[in-house]
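Enquirer: What follows is each chain in one-letter form.
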Amino acid sequence: MSSFLDRVFGRVKLGGWLAVAAPLIAVVFAVLITSAVLLAAGKAPVEAFTTLADYGTQPRTMALILNTSIGYYISALAVAIGFRMNLFNIGVDGQYRLAAVVAAGLGGAAVLPGVLNIILVVVCAMVVGALWAAIAGVLKVRRGVSEVISTIMLNAIATGIGSWLVSNYFGVLTGNDLGTRPIPDDAHVPGIPLIAGTSQLVNGFLVLAVVLGIAYWVVLNRTRFGFDLRATGKSESAAVASGISVKKMVVATMIMSGAVAGLSGMPELLGQSYKYSNNFPTGLGFTGIAIALLGRNNPVGMAIGALLWGFLDSSSDALQLLDISKEIVSIMQGVIVLSVIVAYELVHRYRVVAEQRRVSRQLAAPSEPEGAAA
Amino acid sequence: MKILYGMQRPDEGEIRINGSAAGFHTPADAIAAGIGMVHQHFMLADNLTVLENVVLGSEPRRGGIALDFAAARSRIKEISDAYGLGIQPDVAVEDLGVGDRQRVEILKVLYRGARILILDEPTAVLVPHEVDELFDNLRGLVSQGLTILFISHKLDEVLRVADAITVIRRGTTVATVDPKEVTARRLAELMVGSELPSPETRESTVTDVVALSVRDLTVRTPDGRAVVDGVSFDIHKGEVLGIAGVEGNGQAELVEAIMGMRPCTVASMTLDGTDIASWSTLRRRADGIGYIPEDRHRHGLLLESPLWENRILGHQTRRPNIKGIWIDRAGARADTRRIVEEYDVRTPGIDVDAAALSGGNQQKLIVGREMSGDPVLLIASHPTRGVDVGAQAAIWDHLRTARAAGLAVLLISADLDELIGLSDSLKVILRGRIVADVDPANVTPEQLGSAMTGAGEGA
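Line by line, the protein sequences are chains A and B. Mapped onto the UniProt record's numbering, the consecutive letters of the first sequence carry residue numbers 1 to 374. Mapped onto the UniProt record's numbering, the consecutive letters of the second sequence carry residue numbers 1 to 459.
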């Protein structure tokens, strides 16, 4: 039977309306808790939530929400690849930052013109992310080091290497801001005027995010590699018996996860800031973990999760108009993650019992007790 | 056994201790009633000392907070001396041998005031002289008025140590006998029973073509002990080779070595004349080894995946499951329907999870899967364990048909009737070595039983 962790990390699927019910329950629950907190602080919860909703539905904010969500989504995909096979890649954070530093340095040097430079930067980010993640994979396979520990360590090391690269090799000082040399204009990824009624463009990497989401689904569900990956995640012992080399799968999965992690910094680098500096967003990898949990590693679920996170982040500023601290949004995000885990667990138990009842009813014979191997 | 220790609730019936009825909800209730259990797998924290391990969970307190190690130490000494266990309280568990660890486990339950000890397969991990020591300890405990429930597969040990023997087969009590009046043969007979329909396959289909040839296969544990020791055999096409042996004598390791799941040293291993010793598990499977694993939940199925995905498991290099790098959903689903039909897997459909099927139907699915793709060799490890009688007969039928079609089968089973009935030749494995070749045509389960337990040694 599946362990609690299997279910938390979404390796056990939920079917039909139940899969939708659980996160909805979680969000409703989070709203209730947040309301309680607001009431305790002497603020009006209804007013707070309507302000959030009003602000979030304005065209300009919607474009901003999309822009924030793109990075979150790619980062969640990177985390989900690991989750599907029992690997807890906490190092997405370090992987994308190191990838962004190196790619920014390379892009700023402008060795290739225009679109070629974009491709070079993107490929470079994927390679750096993949290599950085592969270290954790190889350590796990060769030395049995838990990837949880090694990726946390590698996050810290990535921060160090990043600062060292910027201050010694790539850095140029613009005013007070030490950052990499800006990527030339001809290698900027153009925005898309997707949302009417605002001049705020939507980051062009939206297209890549959608493509990655589809690719993620196809690779996992329709290819042999994906089957091997899912089988290993569900039962390592069965995978070994069926001839899957678990060690190869661990390294391959870490490499894939790291390559996608490397991509998650690209919307910011090539579509927004065009350089890596102190202002480059941090914590993207950890947000990705929360969204992967919320979306059950499902590409559509994670997209909704990323949009929800983007909405909460982007519209939290509006709360300050009501003299409410914007950190109330962090409370809400935290409660969503916690309650979604509880909700999924309840729904899962309900589903297992329901499925067994259904099968024995359809066979019109009582299901016999499990044998000695049970 | 789990019920006695409060880990499971009985559906009916009652437990009486010293004449009064007792019902346990948790192991804590059982401990309070004076029942202690020594598990087959030790539950000790290696990096703590014996003393710390023993008091873990029932630490003596001083002044409400502080641990009273001095009191614990003297009590451990007292118990150890009283029963002659010879335990040093301040040694780290990681420095102890297996026999000592077992004594620590026993001391642990005595420390909690147990008067009735359950020992689950206590000798499985011990070497012979440690077994002797354990038996001396047990006799010491019994002479002090304790009760011991000794659970074992090994008949000679039961005969040596027990004052009364109860034989359980398939969850029911078969007989209660006096060890002084019973022989190992008679016990084996009781354990095996004889009312089962014998799976007859008399007409020989054995050919001259060798399917699998193994020479000098040895598997060692990480600490260097040989669990499979120099095993050699040939299986011909159309032949069923049975391996008889009490569980834990190296059968599981032998199978995993042939499947390439466990490192081993072997002089030669050929399948259909090709050397496969250096091949990966996947290559071995792709080149014609079918595998019915001993533990279908751990090794045979993805319980929370639908049946058609389970059809792919272990066959993910071949049609009809795979086209190039892509999964052929239509092909795999159609073939799953075929297996469900041909092997009579009772299921409402191929989209239900494997976990929703009964054990027998899960096993039929596995048998059907492993028979597809025309295997050269089928390794069947306890193929009918834990399945109902109907599924058992069906699985035997399928094995017989495939054998007639030229399949070579390596059959490992604890069911002696199954072994004798299906096998064309039989080998007996004991402590990792092949100790006897038996002709299934003229051997009785009783004779086989004694060969398996070593009771027939020297006779």
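Just so you know, these hints were derived from the structure itself, not from any lab. A portion of the hints provided could be inaccurate.
Partial pick of chain B residues on the chain A-facing surface, computed with a CB cut under 8 Å [said to hold, decoys possible]:
id, residue
1, P293
2, L301
3, P375
Ideal placement from N, C-alpha and C gives every residue a C-beta, glycine not left out.
Enquirer: Look at each hint and say if it fits the structure.
Expert: Evaluated hints:
1. Taking 8 Å as the C-beta cut-off, the interface hint given for P293/B holds, the closest approach to chain A being about 6 Å.
2. Nearest Cβ of chain A to the Cβ of L301/B: about 6 Å, under the 8 Å cut. The hint holds.
3. For P375/B, the interface hint is violated, the least distance from its beta-carbon to any beta-carbon of chain A being 14 Å, above 8 Å.
When held up to the earlier numbered hints, the structure conflicts with hint 3 and nothing else.
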